[in-house]
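> Here's the letter readout for the chains.
Protein chains: 2
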Amino acid sequence: MTHADALTALDAADPLARFRDAFHLPEGLIYLDGNSLGPAPKAALRAVETAAREEWADGLIRSWNDADWFTLTDRLGDKVGAVIGAAPGQTVVCDTTSINIFKAVAAGLALVPERRVVVAEGGSFPTDLYILEGLRGMRPDLEIRLEGVDAPAIEDLLDARVAVLLVNQVDYRSGARRDVAALTAAAHAVGAVVVWDLCHSAGVMPVEVDAAGVDLAVGCGYKYLNGGPGAPAFVYAAARHQGSLRQPLSGWWGHAAPFAFDPAYRGDPGIRRMLCGTQPILSRRAMEAGLEIAAEADIHAVRAKSEALTRLFIERVEDRCAGFGLTLASPRDTAARGSQVAFRHPDGYPIMQALIADGVIGDFRAPDILRFGFAPLFLSFREVAEAADRLAAILKSDRWRAARFQARAAVT
Amino acid sequence: MTHADALTALDAADPLARFRDAFHLPEGLIYLDGNSLGPAPKAALRAVETAAREEWADGLIRSWNDADWFTLTDRLGDKVGAVIGAAPGQTVVCDTTSINIFKAVAAGLALVPERRVVVAEGGSFPTDLYILEGLRGMRPDLEIRLEGVDAPAIEDLLDARVAVLLVNQVDYRSGARRDVAALTAAAHAVGAVVVWDLCHSAGVMPVEVDAAGVDLAVGCGYKYLNGGPGAPAFVYAAARHQGSLRQPLSGWWGHAAPFAFDPAYRGDPGIRRMLCGTQPILSRRAMEAGLEIAAEADIHAVRAKSEALTRLFIERVEDRCAGFGLTLASPRDTAARGSQVAFRHPDGYPIMQALIADGVIGDFRAPDILRFGFAPLFLSFREVAEAADRLAAILKSDRWRAARFQARAAVT
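Residue numbers (this note's numbering), protein chains in the order written: chain A, 144 to 555; chain B, 144 to 555.
Here chain A stands alone, though its shape is the one from the complex:
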């Protein structure tokens, strides 16, 4: 357990402390939900106003050129690339994670047309699985194998019939972390293409897609990248695949010459082929500030602080809340964790509601998970300790019990 002096020392020595001032954070709130919606960079708020008032209202249609709206695609993409270890020209920001999964898995399947098996995680964030179902609706020959359903470990599902492995670097509930390089190599060893879902890891730990030889990747703009509510997602395709990329959402923004208005589709020779239609400019303009902050921070320092924060939180919760029925649902081994910590409790929902009312925001994931995200760019060690202390105070006070039955009805 870490004492007040030690927390002060940790905060004083934190090389990332200077980034906190880049964010607008409501006074007094401890925000452990940056893994669900990152806070607003102050520069993002200014950028949105400029985009609305100067670019849209005054500039009108001219802003597509004058305010570089069209080139935002590459500019934002390359900034995401810097965060995930991708050289320029391999990442674009567009659409949603779900849609980019559809494109990436379809593109992966097209790279190994003689195979028809997709391997994924039974415990994945569900949209990954829903999209695979949608793909199979169009391609009834697809076979989907799931970790946790067809085998206990995903590695056991890889064989010479597998076309695509779709896998999350960090599990959305438990925070369990996979080794990108090792699993990519295992997929390649059987001739499969790998699509990494980086929703719960991009911006908070090294990914190094280029170094790991990743084929395709997708991820979310509004979590640790702090891109704003519902910010567009991203998609990465390794340069070596771009010449032969085929994806079915072949809209005009992916055309080699969108303004030629050619009736026949001729895909862009590079990463823009993963684009489809016109992108929401105001949301995109909000996104740039968050990406600049993420690209500026040393990702290894971010990871080191993330490890320290999650370790501190687990130790302090287990110490202060002992005997109140919380069970750690994240890996105890720091190296096996992402930047979030989950505890199970049969009354997780009302406990989380009480904690939120007390100024500590985490979230609840059915059926019984209290989930806390630790974003090193704006959190202090002192706040994280305080969050554990407030959770302990709530459990000891029984304040949450009154609302228990009502809450259970509300969440189902």
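Misleading hints may appear alongside valid ones.
One copy or any two copies: either way a pair holds, since identical chains are not told apart in the list.
[As the list claims (entries may be wrong)] DMTMM-like mimics (lysine to aspartate or glutamate), calculated; alpha carbons at most 20 Å apart, straight line: (1) Lys185 / Glu439; (2) Lys539 / Glu529; (3) Lys185 / Asp201; (4) Lys185 / Glu197; (5) Lys185 / Glu431; (6) Lys185 / Asp164; (7) Lys185 / Glu170; (8) Lys539 / Asp490; (9) Lys539 / Asp462; (10) Lys539 / Glu458.
To be clear, the hints were calculated from the coordinates, so they are not data collected in a lab. Computed from a predicted structure; not experimentally measured.
Since chain A is already given, all that's left is putting chain B on it; use the hints.
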């Protein structure tokens, strides 16, 4: 030709004149490109700031409930519905036109699984055709028949093998307008499903999708609906089809219970099944003001003024610019036109550049089209006449000729 007094009288009698003040319009500019990017409603600028500063920055994750971000889907959708003649519960705002075409055509194909022919327009805005190509990439059995390639008139392509007719109410270049009710009836007579692309008509003329018995429709949020740059698109599916809708982009937002995190997809029983992933909130919040204005205006009054504006512009251009090589590329019959007017000129590009420099914004579409959009909610008759006069002055002055060769190089 209409004289100054007559223009003053027309503006004084205009029942829509009061809407102009709802928009931010740069002083002195005559904006004939509302068909490409509508101007900013003043209320939209305020809504964006509230969404960024209060909802995102202060409210953080709580705003999904407290600021009704999640229900924006239905709220915006029903407002679009009011504009296109759809009863509530049949329209959602989401993703892009291209992506919604993919969903709608796929859903249409699933409604008539025994057929495999799609009919479309060879001269369509190209993304419609590109998306059909993408669909055929996944479904090689699809046969695509094109008006202008396989037959001169789209009606001649309809037969008992046709599954889906994908067609635009208004042509993006010429402004030629189709009869929604008649063509829908013709498609139904052969047992086909119709998907209307309303990009160039929604908000500027009656569509009446319910009354016409339309099956599915898609359209754009950033043109005549004034939703902001790259605003999300919309998709309509008639209530009678919703129980059997199947679309392949089956992401978590289309699930009947997205927050149950069920590993198996169970589609929403209603129009939300057309959703896929998380939507860009800042761009959505900007959109609401424009939709409210559009829903408030009487669409028949909008159409009447639109007809008068396009007629005035054609008459005045043909009178003032006679002998300078402009050829009308839109239907001369007002009833056969949407709300835009196209003229051909071999030097269309440098002429349009000179006109823009002179404060009249239209746009150029390759190879030789000067395109002008007439949005009745903010344009006056006087402005439209003035635009024709400035075009005449430019043609007479030869100011554009100097830049001709340079411009030709730049546009290709």
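> Please work out whether the CA atoms of Lys185 and Glu197 approach to 20 Å or closer within one copy, between two copies, in both situations, or in neither?
both (18 Å within a copy, 13 Å between copies)
> Cα distance capped at 20 Å. Does Lys539 pair with Asp462 within a copy, between copies, both, or neither?
within (13 Å within a copy, 85 Å between copies)
> Treating 20 Å as the Cα threshold, decide for Lys539 and Asp490: within, between, both or neither.
Within. Shortest intra-copy distance 14 Å satisfies the 20 Å Cα cut-off; inter-copy 79 Å does not.
> Is it within, between, both or neither when you check Lys185 against Glu170 at 20 Å Cα-Cα?
within (14 Å within a copy, 31 Å between copies)
> At 20 Å max between alpha carbons, let me know whether Lys185 reaches Glu431 within a copy, between copies, both or neither.
within (11 Å within a copy, 25 Å between copies)
> Treating 20 Å as the Cα threshold, decide for Lys185 and Asp201: within, between, both or neither.
between (23 Å within a copy, 12 Å between copies)
> Evaluate Lys539 and Glu529 at a C-alpha cut-off of 20 Å and name the case that applies: within, between, both or neither.
within (15 Å within a copy, 75 Å between copies)
> Measure nothing new, just compare the shortest in-copy and cross-copy C-alpha distances for Lys185 and Glu439 to 20 Å and report within, between, both or neither.
within (15 Å within a copy, 36 Å between copies)
> Using 20 Å as the alpha-carbon threshold, which applies to Lys185 and Asp164: within, between, both, or neither?
Within one copy, since 8 Å is at most 20 Å while 31 Å is not.
> 20 Å Cα cut-off: does Lys539 pair with Glu458 within a copy, between copies, both or neither?
For Lys539 and Glu458, only the intra-copy Cα distance (18 Å) is at most 20 Å; the inter-copy one is 81 Å.
Of the numbered hints stated above, none is contradicted by the structure.
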